[in-house]
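Enquirer: Take the sequences, apply the hints, and build the full model.
Read off the chains here:
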Amino acid sequence: MASGELASKTIHELLDLFEKKQASSEEVLDDVLSRIEQHNPKVHAYLESPDPDRMRQQLRDQWKASPSGRLRGIPITIKDNICSTGVEVSCASRILKGFRSPYDATVIERLRREGAVIIPRANMDEFAFGSSTENSAFGGTVNPRSKEGDARVPGGSSGGSAAAVAGDLAIAALGSDTGGSIRQPASFCGIVGLKPTYGRVSRYGLVAFASSLDQIGPLTKDARDAAILLSVIAGHDPRDSTSAPNKVPDYEAALDRLPKDVTIGLPTLPSKGLERNVEARVQEAVKVLGLSTVPIELENIGQSIATYYVIATAEASSNLARFDGVRYGARANGGSLMDMYLDTRSQGFGAEAKRRILLGTYVLSQGYYDAYYLQGMKVRTLIKRDFDEAFKQCSVIAMPTSPTVAFRPGEKMEDPLQMYLSDIYTISANLAGIPAISICCGSDADRLPIGLQLLAPPFREDLLLQIAHAYEQKANWPTLRASLRVPH
Amino acid sequence: MAVVTPDIVKQVAMLARLRLEGKALTQLAAQLDEILQYVQQLQAVDTTGVEPTSHVLPLSNILRKDEPQPSLSQEAVAALAPAAHPPFIAVPKVIES
Chain B
1 MASGELASKT IHELLDLFEK KQASSEEVLD DVLSRIEQHN PKVHAYLESP DPDRMRQQLR
61 DQWKASPSGR LRGIPITIKD NICSTGVEVS CASRILKGFR SPYDATVIER LRREGAVIIP
121 RANMDEFAFG SSTENSAFGG TVNPRSKEGD ARVPGGSSGG SAAAVAGDLA IAALGSDTGG
181 SIRQPASFCG IVGLKPTYGR VSRYGLVAFA SSLDQIGPLT KDARDAAILL SVIAGHDPRD
241 STSAPNKVPD YEAALDRLPK DVTIGLPTLP SKGLERNVEA RVQEAVKVLG LSTVPIELEN
301 IGQSIATYYV IATAEASSNL ARFDGVRYGA RANGGSLMDM YLDTRSQGFG AEAKRRILLG
361 TYVLSQGYYD AYYLQGMKVR TLIKRDFDEA FKQCSVIAMP TSPTVAFRPG EKMEDPLQMY
421 LSDIYTISAN LAGIPAISIC CGSDADRLPI GLQLLAPPFR EDLLLQIAHA YEQKANWPTL
481 RASLRVPH
Chain V
1 MAVVTPDIVK QVAMLARLRL EGKALTQLAA QLDEILQYVQ QLQAVDTTGV EPTSHVLPLS
61 NILRKDEPQP SLSQEAVAAL APAAHPPFIA VPKVIES
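So the sequence lines, in the order shown, correspond to chains B and V. Last residue of the first sequence: number 488 in my numbering, and the count goes up by one each step with no gaps. Last residue of the second sequence: number 97 in my numbering, and the count goes up by one each step with no gaps.
Bear in mind the hints are in silico, worked out from the structure with no lab data behind them. Wrong hints could be hidden among the right ones.
To give a feel for the contact side, a few chain B residues facing chain V, derived at Cβ under 8 Å [said to hold, decoys possible]: (1) 198; (2) 367; (3) 372; (4) 418; (5) 433.
Note that the coordinates shown come from a computational prediction; the quantities given were computed from them, not determined experimentally. Each residue gets a CB set at the ideal place from its N, CA and C atoms; glycine is no exception.
Expert: Here's what the structure looks like:
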């Protein structure tokens, strides 16, 4: 096969090739590694260059341990906030630089059990704070769908994961989604990104940003791959008391069983800043699906960003208090204990992390708690109720993932509020705890991808994947995908 | 009217163990003020009689059996610290003589 061809395949295509003995897992790994070597210096999806010998050793070990695993020999990358034994986990922050995890996250254990080969480690916004991956302390990532000479961001915060999959520098990836951090980069990079129901996937070993909103999920080249990966990582974990005891269906086996009576709810949305191309492609995609539609109202969706930036920053300020230079990570030396804390944190955190820590500390402080944090949690109840009501009228809700296609680096860096507002359509799923998927539904005049987002009631990932799969069949996904750019 | 002033931000920064001075402080204070002005829209939402949501799942009081499980060794944990005298973690002097 031509160079780069194996790296461009999906998980299920590769498993087929292995089965028919038309390709070996060694060839796949070598193809992926050579693409990383060739393209990562420019794309910067990875924070380190994988060591080929160690990767091949991992493959041999994995193949031996799990010869019939569902992910046998498949190279998968993980966001730099998911712990893997012996591997550096920095959250793209200077404060954790050099930290090597002494244990595996539950999702890593599950990937390994099924024979996956893990390529460390995908770039991200520092501590997952951002929508462009520009907040990485180690430099941003370039969207592999960008035109030569007109670089775009990959979205964020799982921008490295999305760029690796879109650029054929990994077969699939894991990311984390607190307010859209899987779906928005999937949309910007023209791939599939799924945020599962809160509690569907264990958060054990995920460095916490906002504990009541964070979920780990797959970023893949198609819906079938997302179904395969979710089947592997989902399920109850005694080490995460917020993980749900609900049974995990075989999402892949159910892919073709889309019920006939599915109704799509179309909400009235805040349309400020919504690009015409995005609106048009999303409307077309809903038509292509050919399912019945019903208009719905999400009365409080306009409050979702304000609610999110109170709750998420409050939780983040508390979660990030642990980075104090004492037990792990970087420490600034000299002076008293207080100086050590102040210097470590002031030198270790980047600008956006400081902004969010301060916001969170402020909204939690005495005198402001009721007005901000408590009120935010009440509005969260109203947002959740809106979805409960909407799902009495429809099976799923459709809307754009992002109001725009991938923007240019620097465009929103000086204005944090503008950056926050770009998450308008993704944030409410996290506040309500419901699953949501982004799939590519075409591109604009510059061939920049556009994402269709589908949201479902809790634990109905099966429905999201079935509809995503049906769309790929009806929209002729191979042709659509071939129309998007890949670096070569 | 400003919601937060540089003085308030400086005070909050101390609570969060962050050092902020000069231009960085005034710039950040202005950004935080803009964000908080935006967030103030929440005050206008009628939440009379609405319970707060801190967690979306109908789970409560998740308990597990109180049984000893293998955990990381003291050596492995001390090895992560920026300064250590295994099995202890070293820190600057807390009590001055």
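Enquirer: Could you run down the list of hints and mark each one as holding or not?
Expert: Right, here's what the structure says about each hint:
1. 198: holds (5 Å)
2. 367: Hint violated; residue 367 (chain B) Cβ to chain V Cβ min 11 Å, cut 8 Å.
3. 372: holds (7 Å)
4. 418: Hint violated; residue 418 (chain B) Cβ to chain V Cβ min 10 Å, cut 8 Å.
5. 433: Hint holds; residue 433 (chain B) Cβ to chain V Cβ min 3 Å, cut 8 Å.
Going down the numbered hints, you'll see the structure goes against 2 and 4, while the others check out.
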